[in-house]
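Engineer: Each chain, letter by letter, is given below.
There are 2 protein chains.
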Amino acid sequence: MLSKKAKYAINALVHLAKQYEKGPILISDISEQENIPQKFLESILLDLKNAGILSSKKGRGGGYYLIKAPEEVNLADVMRLFDGPIAFLPCVTYKYYERCEECIDEATCGIRQVFYEVRNETVEILKRSSLAAIIKKEQLLSDQ
Amino acid sequence: MLSKKAKYAINALVHLAKQYEKGPILISDISEQENIPQKFLESILLDLKNAGILSSKKGRGGGYYLIKAPEEVNLADVMRLFDGPIAFLPCVTYKYYERCEECIDEATCGIRQVFYEVRNETVEILKRSSLAAIIKKEQLLSDQ
DNA sequence: CGTATTTAGCCTTTTTCGAGAGCAATTTTC
DNA sequence: GAAAATTGCTCTCGAAAAAGGCTAAATACG
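Line by line, the protein sequences give chains A and B. All residue numbers for the first sequence refer to my numbering, where the first residue is 1 and numbers rise by one. All residue numbers for the second sequence refer to my numbering, where the first residue is 1 and numbers rise by one.
Incorrect hints may appear among the rest.
Remember, identical chains collapse to one label, so a pair may be satisfied in a single copy or spanning two.
Capping the alpha-carbon separation at 25 Å, the derived lysine to aspartate or glutamate pairs in DMTMM-like fashion look like this [as the list claims (entries may be wrong)]:
1) K57 - D77
2) K39 - E138
3) K137 - E21
4) K137 - E101
5) K95 - E117
6) K18 - E34
7) K5 - D83
8) K58 - E42
9) K39 - E121
Treat the hints as calculated values from the structure; they're not laboratory data.
Sequences and hints are given; from them, build the entire structure.
Structural biologist: Given below as structure tokens:
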């Protein structure tokens with residue numbers, strides 16, 4: 001399962017993407033409207049800022065805002081930022097590869113093969129799920 | 001990522017499946033050959049026994065053995081046993097459904113749609129990955 | 001300049017995971 | 001029936017996740 005951090009991050013990002021280029025949004029607004037504990041949200045937004053996805057402004061009229069285009073932020077990146085690898089096993093991860101300590105022969109490991117396939121399918125779906133794509137899906141759903 | 005418990009469980013099950021119907025196997029043998037901490041493995045095997053997948057015999061000549069056919073034990077079931085839901089969000093799980101507390105409208109949630117698709121693909125792959133299927137894959141790999 | 005607003009950083013608490021120690025219970029064998 | 005072999009059970013410990021509290025720093029506005 002996703003960590004709360006990652007889940008909240010995605011919700012906050014979608015929220016900000018809906019108001020892209022409309023100026024800074026208050027943490028407290030996001031917290032209230034998305035039902036995210038405020039203190040927790042603060043550290044999440046800070047992480048997203050340090051990752052170069054958001055920027056912030058202090059003082060009156062301040063808040064957080066998206067600096068990447070909603071088309072360019074996808075769920076795979078956000079999940080990796082907060083929860084690390086997406087794959088189920090370290091030996092099939094893309095950016096965090098590590099041998100399974102207990103593994104005897106990676107080359108002939110049938111378990112690895114299965115999870116390699118799972119990872120590929122998963123990452124493919126997540127990569128094409130940008131903030132823009134998610135917002136589009138929501139519009140389609142509410143137009144029905 | 002999989003918990004160590006689930007990963008070790010899968011390795012132990014594949015080990016036992018390779019010796020299906022050849023009598024009880026010692027915990028210590030599995031522990032050594034699969035590089036799994038023995039005490040940890042003990043509790044894992046016990047869980048698998050309580051789940052009706054393994055059975056055990058005490059005393060000399062004792063150990064653990066598979067009571068389900070290797071074709072009938074798949075990775076989705078084992079993962080759910082140890083790590084709970086396979087899906088990334090509680091609102092798209094099959095057997096453990098729960099509303100996301102912070103969610104505003106599940107019916108129009110674009111995030112949910114994405115993770116619903118991921119779950120479906122993932123579970124499909126894991127369901128068809130039985131112990132027998134994994135062993136077959138390993139044989140194909142080592143015959144190359 | 002000073003005050004209100006808002007983000008930034010640090011410290012504490014509670015729960016769960018990974019691992020191991022030690023002892024108890026059960027079965028076989030002699 | 002005693003001893004050896006093996007599984008079964010209960011604690012404990014450290015690290016990480018999920019919060020929440022409190023104070024500092026920066027900025028805007030009158």
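Engineer: When Cα atoms must be at most 25 Å apart, do K137 and E101 count as within-copy, between-copy, both, or neither?
Structural biologist: between (41 Å within a copy, 21 Å between copies)
Engineer: When no copy is specified for K18 and E34, does a C-alpha distance of 25 Å or less occur within a copy, between copies, both, or neither?
Structural biologist: Within. Shortest intra-copy distance 13 Å satisfies the 25 Å Cα cut-off; inter-copy 50 Å does not.
Engineer: Between K57 and D77, at a C-alpha cutoff of 25 Å, which is it: within one copy, between copies, both, or neither?
Structural biologist: within (24 Å within a copy, 48 Å between copies)
Engineer: Which holds for K137 with E21 at a C-alpha limit of 25 Å: within a copy, between copies, both or neither?
Structural biologist: within (21 Å within a copy, 51 Å between copies)
Engineer: Can you give me the call for K95 and E117, within, between, both or neither, at a CA distance of at most 25 Å?
Structural biologist: both (16 Å within a copy, 23 Å between copies)
Engineer: Go through the copies and call it for K5 and D83: within, between, both or neither, with a Cα cutoff of 25 Å.
Structural biologist: Intra 8 Å, inter 19 Å, cutoff 25 Å: intra and inter.
Engineer: At most 25 Å between alpha carbons: which applies to K58 and E42, within, between, both or neither?
Structural biologist: For K58 and E42, only the intra-copy Cα distance (13 Å) is at most 25 Å; the inter-copy one is 55 Å.
Engineer: With identical chains treated as interchangeable, where does the CA-CA distance between K39 and E121 reach 25 Å or less: within a copy, between copies, both, or neither?
Structural biologist: neither (35 Å within a copy, 35 Å between copies)
Engineer: Up to 25 Å between alpha-carbons, please classify K39 paired with E138: within, between, both or neither.
Structural biologist: Neither: 28 Å inside a chain and 49 Å across chains, both beyond 25 Å.
In summary, the structure is inconsistent with hints 2, 9 from the numbered list given earlier, while agreeing with the others.
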